[in-house]
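J.: Order-wise, the sequence lines are chains A and B.
Here UniProt numbering is used: the first residue of the first sequence is 1, the next is one more, and so on.
Here UniProt numbering is used: the first residue of the second sequence is 1, the next is one more, and so on.
If you are wondering where the hints come from, they were derived from the structure by calculation, not from laboratory data.
It cannot be assumed that every hint is accurate.
Since copy identity is lost for identical chains, a pair holds within one copy or between any two.
Once the Cα atoms are required to be at most 20 Å apart in a straight line, the calculated EDC-like pairs of lysine to aspartate or glutamate come out as [said to hold, decoys possible]:
no.: 1; residue 1: Lys64; residue 2: Glu29
no.: 2; residue 1: Lys104; residue 2: Glu144
no.: 3; residue 1: Lys136; residue 2: Asp44
no.: 4; residue 1: Lys46; residue 2: Glu131
no.: 5; residue 1: Lys136; residue 2: Asp169
no.: 6; residue 1: Lys46; residue 2: Glu143
2 protein chains.
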Amino acid sequence: MAIKVHGSPVSPAAKRVLLSLAEKQLDYEFVLPFGQVPGFEDGDLKLFESRAITRYIAHAYADKGTPLISEDPKKMAIIGVWMEVESQRFDAAGQKLSFEILVKPMKGLTTDDAAVEQLQGQLAAVLDVYEARLGKSKYLGGEEFSLADLHHVPIIANLMKTKVKAVFDARPAVSAWAAALLARPAWLKINAA
Amino acid sequence: MAIKVHGSPVSPAAKRVLLSLAEKQLDYEFVLPFGQVPGFEDGDLKLFESRAITRYIAHAYADKGTPLISEDPKKMAIIGVWMEVESQRFDAAGQKLSFEILVKPMKGLTTDDAAVEQLQGQLAAVLDVYEARLGKSKYLGGEEFSLADLHHVPIIANLMKTKVKAVFDARPAVSAWAAALLARPAWLKINAA
Numbered sequence: 001m002a003i004k005v006h007g008s009p010v011s012p013a014a015k016r017v018l019l020s021l022a023e024k025q026l027d028y029e030f031v032l033p034f035g036q037v038p039g040f041e042d043g044d045l046k047l048f049e050s051r052a053i054t055r056y057i058a059h060a061y062a063d064k065g066t067p068l069i070s071e072d073p074k075k076m077a078i079i080g081v082w083m084e085v086e087s088q089r090f091d092a093a094g095q096k097l098s099f100e101i102l103v104k105p106m107k108g109l110t111t112d113d114a115a116v117e118q119l120q121g122q123l124a125a126v127l128d129v130y131e132a133r134l135g136k137s138k139y140l141g142g143e144e145f146s147l148a149d150l151h152h153v154p155i156i157a158n159l160m161k162t163k164v165k166a167v168f169d170a171r172p173a174v175s176a177w178a179a180a181l182l183a184r185p186a187w188l189k190i191n192a193a
Numbered sequence: 001m002a003i004k005v006h007g008s009p010v011s012p013a014a015k016r017v018l019l020s021l022a023e024k025q026l027d028y029e030f031v032l033p034f035g036q037v038p039g040f041e042d043g044d045l046k047l048f049e050s051r052a053i054t055r056y057i058a059h060a061y062a063d064k065g066t067p068l069i070s071e072d073p074k075k076m077a078i079i080g081v082w083m084e085v086e087s088q089r090f091d092a093a094g095q096k097l098s099f100e101i102l103v104k105p106m107k108g109l110t111t112d113d114a115a116v117e118q119l120q121g122q123l124a125a126v127l128d129v130y131e132a133r134l135g136k137s138k139y140l141g142g143e144e145f146s147l148a149d150l151h152h153v154p155i156i157a158n159l160m161k162t163k164v165k166a167v168f169d170a171r172p173a174v175s176a177w178a179a180a181l182l183a184r185p186a187w188l189k190i191n192a193a
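Bound conformation, chain A alone (with noise of 0.2 Å):
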């Protein structure tokens, strides 16, 4: 099998990458880690960094499965502005939520209740662009779910699992946009497996 993902389980980032090889319905091979995670490895090629994984299973398997990218420039680089949301704003606040919340109490730590709460305010503000956004288009990038919403799916899912579950209940358009992405056969499938 030509296709090795590196990681954890219950990582975020491998999760990322996971569920970008099951929307494109190609076959891997999943090993624990080492190093860098997660680390891929596709025939001689190594690579590392979720994001940049992602992206070279889009490019590389554009014919296979969910297309993910645009091959319009112009629409591929509204993808890539969501893309770039997520990963400089979305991010900052859901994946230090998801630290406090879900893995701090797993490790024996104390959640930081200010933090929590500071981090709540950025989640909210960054929300209520994606709220403006999707009243206008059905996924971030357009009318198509893209690897703008997929970067998104693994936080998402970990926060829907705490408190923070609020924040996006408060907004309609948010709402109904992660309920599509959580429901998506291919990361019910990862999650299944």
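Dock chain B against chain A, hints included.
T.: For chain B alone, coordinates are given in the frame of chain A:
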């Protein structure tokens, strides 16, 4: 003129966009900021987020000036990895250092020396990875200058005016790479404007 950039002439994000246009030898109109900075217009296309804008420029004007990307999916994947490293790791330390040491004094605020110390350590760890990488290839993404290098330039230029220069100077391959980036005609051109 079809391309407009809305931004502040001192913003690293705006400089990132201007540098990609200069590398592509494209004409543009620079407009002082409005709302989200930098904003970008190419005809009817409106974008924000500097790294999404540079990607668009590189793809839409692939046949002009410096290539900046690769058409080979595997080479592009490697460039993509280092673009993610810049965005997720280098920028986290570099942007905050630039803010603490350069921006705060300009605004009459006090630099947080403990934060600077901690951020310098964080930057040093990133540059250790770069030193190893640049011992094997001329640029981060491979043998050719690419977006992976370009995205670093505005923050490196800022840091080189500060005591953080020593963190670069201590690493010979990183130091030579940084000097090559700052000597690019396109960078000199946008700073002379």
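J.: All hints are to be evaluated individually against the structure, with a verdict given for each.
T.: Evaluation of the provided hints:
Taking the shortest alpha-carbon separations for Lys64 and Glu29, only the intra-copy value of 18 Å comes in at or below 20 Å, while the best inter-copy value is 41 Å. In this assembly of identical chains, Lys104 and Glu144 lie within 20 Å of each other by CA distance neither inside one copy nor across copies; the values are 36 Å within and 43 Å between. In the homo-oligomer, the alpha carbons of Lys136 and Asp44 lie at most 20 Å apart only across protomers (17 Å), although the nearest pairing inside one protomer, at 42 Å, exceeds that limit. Taking the shortest Cα distances, Lys46 and Glu131 sit within 20 Å of each other only across copies (19 Å), while inside one copy they are farther apart (37 Å).
Proximity of Lys136 to Asp169 under the C-alpha cut-off of 20 Å is restricted to the intra-copy arrangement: shortest distance 19 Å within a copy versus 50 Å between copies. In this homomeric assembly, Lys46 and Glu143 come within 20 Å of each other (Cα to Cα) only across copies, at 17 Å, whereas the closest approach inside a single copy is 33 Å.
Consistency note: the structure conflicts with earlier hint 2 alone.
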